[in-house]
Amino acid sequence: MAVYAGIDLGSRSVKLALLNEKEELELHKFDTISFYRKYGKLTNGQLKVEFEKLGLKKEFDFLVSTGYGWQVINVQRVSGSKNIPEIKAHIYGAVFLTGLVDFTLLDLGGQDSKVAKVRNKTLIDFETNDRCAASTGRYLENMAVVLGISLEELSCYYENPVELSSTCAIFGETELIGKLVEGNSIAELAAGVNYTIFRRIKPLLLKLLSPVIVFTGGVAHNQAIKKIIERELNVKVVVPDNPQYAGAIGCAVSAKQEYLKDI
Amino acid sequence: MIEMQKKVGITTTVPIEVIYAANMVPVDLNNLFIKSDEPQKLIEEAELRGYPRNICAWIKGIYAVMLKQRDIDTLIVVTQGDCSNTHALMETLELEGIRVIPFAYSFDRDYDLLKLQLDKLICALGTTWEAVKKVKAQLDEVREIVWKLDELTWRENCISGWDNHLYQVSCSDFNGNPEKFKQTVEEYILNVDKKQELKNSLRLGYIGVPPIFCDLYQYLEARGARVVYNEVQRQFTMPFDTKDIVEQYRLYTYPYGIFYRLKDIKEQIKLRKLDGIIHYVQSFCYRQIEDLIIRREIELPIITLEGDRPGKLDARTKMRIDAFLEMLR
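Here the protein sequences come in this chain order: A and B. When we follow our numbering, the leftmost residue of the first sequence carries the number 3, and every step to the right adds one. When we follow our numbering, the leftmost residue of the second sequence carries the number 68, and every step to the right adds one.
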């Protein structure tokens with residue numbers, strides 16, 4: 003049975019999705035730095051990934067890659083391989099995972115945010131965050147550490163948010179500590195942090211709004227942000243299973259198309 | 068013995084006819100900065116001298132390159148029609164003993180005010196209207212050849228976006244030697260293979276100040292998209308049919324408001340049959356605000372690229388370009 007592989011070389015983690023003919027998925031995640039250190043080797047300007055070392059049981063027939071890494075490096079041919087732009091990969095993934103064809107994609111990853119308007123499975127327009135890590139997973143991670151709570155706990159709070167004016171992922175810490183000293187509860191502070199994310203992405207979403215938003219990327223695990231978007235924008239927010247794998251899954255879907263095209 | 072001609076620094080396009088008529092040589096400091104071996108170092112130098120980190124890199128580059136250029140002691144600075152950062156640039160250079168001659172484009176493209184400014188510039192450099200008119204006729208001959216190069220880019224499709232950028236952008240000072248520049252362009256055009264049509268599926272327009280990235284055009288072409296319209300660079304070639312120098316600098320769009328620029332951009336979008344627009348903005352530049360006007364006024368798909376420091380395109384910008392090209396297809 004043919005197996006198609008998709009690999010998303012993200013800023014925080016590398017995601018690998020294997021898709022078979024029955025449309026069954028197998029998902030793997032690796033820390034980005036150790037992935038490159040252990041399995042990647044640059045040969046003639048191309049990234050050669052030593053897939054045999056990853057301990058995968060299956061061989062695959064076609065590989066499609068995307069992500070920050072691929073700009074600088076090409077994944078060396080397995081049997082057949084290709085790179086696709088990140089936004090395209092995420093849209094393929096979102097369509098595969100939700101079965102929707104018209105929606106606005108919101109992808110909040112480790113270091114960037116993307117919003118794309120999709121009609122009939124095709125990209126119509128898109129926006130990305132400006133050169134800043136606020137409104138990304140990195141910001142949430144930092145804030146959870148400051149508050150001394152887990153990311154899971156952080157994602158529970160959305161009522162009575164504390165107003166946080168600084169949107170900088172680094173300076174936000176200082177402001178948060180100040181608010182903590184003023185006597186605000188952890189719940190109110192955590193809600194404030196989640197609202198900060200919403201405020202950063204709100205202009206992007208408003209420009210490209212649809213009645214349904216498909217929310218992907220690691221930050222999509224945050225239930226509070228999902229609820230805030232639904233409440234504030236009066237839209238339906240769909241978070242697929244394994245939202246952080248949407249890019250890798252989209253690549254695997256693309257790999258299948260490429261493989262079948264070649265036959 | 069040939070006497071060394073005096074060099075005059077410029078920070079953006081000014082009526083260089085006056086400089087040449089005064090038997091002086093204009094030096095576009097932007098080109099000097101970006102073509103230097105290590106433009107990054109120049110920015111660092113400006114910052115070490117106290118320029119803030121969050122200020123336009125072009126301003127810092129011009130400042131540092133000017134301080135290094137010991138053979139230039141005079142600078143013409145545009146005080147209306149460029150940005151307010153230029154004012155502080157002028158002042159910080161004045162502090163270092165540089166002679167500064169201000170030049171102001173009239174805000175509402177008023178003919179008489181512009182004529183008066185030209186008059187003052189002519190006086191400041193010690194030349195005459197007659198000499199200026201003569202130089203204009205000479206420079207127009209050079210410009211005509213560059214217009215042809217531009218036409219070969221979009222009509223005949225045999226010139227790359229980078230070459231189109233490079234030759235047009237050089238018209239701000241003609242590299243200090245119009246005659247030699249003319250020869251270079253003529254030779255270039257002669258050697259262009261006119262039968263070899265460049266096969267790029269997407270035709271792009273580039274609007275905004277010239278990019279601080281060094282590999283944008285090449286990156287686009289490697290992905291099957293070519294810039295066939297460089298807005299501001301083309302303006303540097305003064306593509307206007309007029310013998311009147313005041314009128315020429317009144318028709319020149321760059322120093323005037325965005326709506327006047329948009330008129331020109333819209334015409335060219337139609338003429339050149341563009342598929343999409345790249346709006347380049349410099350980090351910390353007031354023109355970033357005008358992006359919202361451009362997006363409202365232009366109906367083609369637009370990608371806004373922001374550049375800060377000189378160098379290659381960063382991974383994030385590449386990702387955005389890829390998605391944009393994908394969308395246009």
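There's no promise every hint is true.
[Claimed, not checked] Simulated pairs of lysine to any residue, SDA-like, Cα-Cα distance not exceeding 25 Å: (1) A:Lys-123 - B:Thr-320; (2) B:Lys-340 - B:Thr-320; (3) A:Lys-119 - B:Leu-269; (4) A:Lys-84 - B:Arg-290.
Since the hints were derived computationally from the structure, they do not count as laboratory data.
(request) Quick one: which hint numbers does this structure break? Sort them smallest to largest. (result) Hint 1 contradicted; others consistent.
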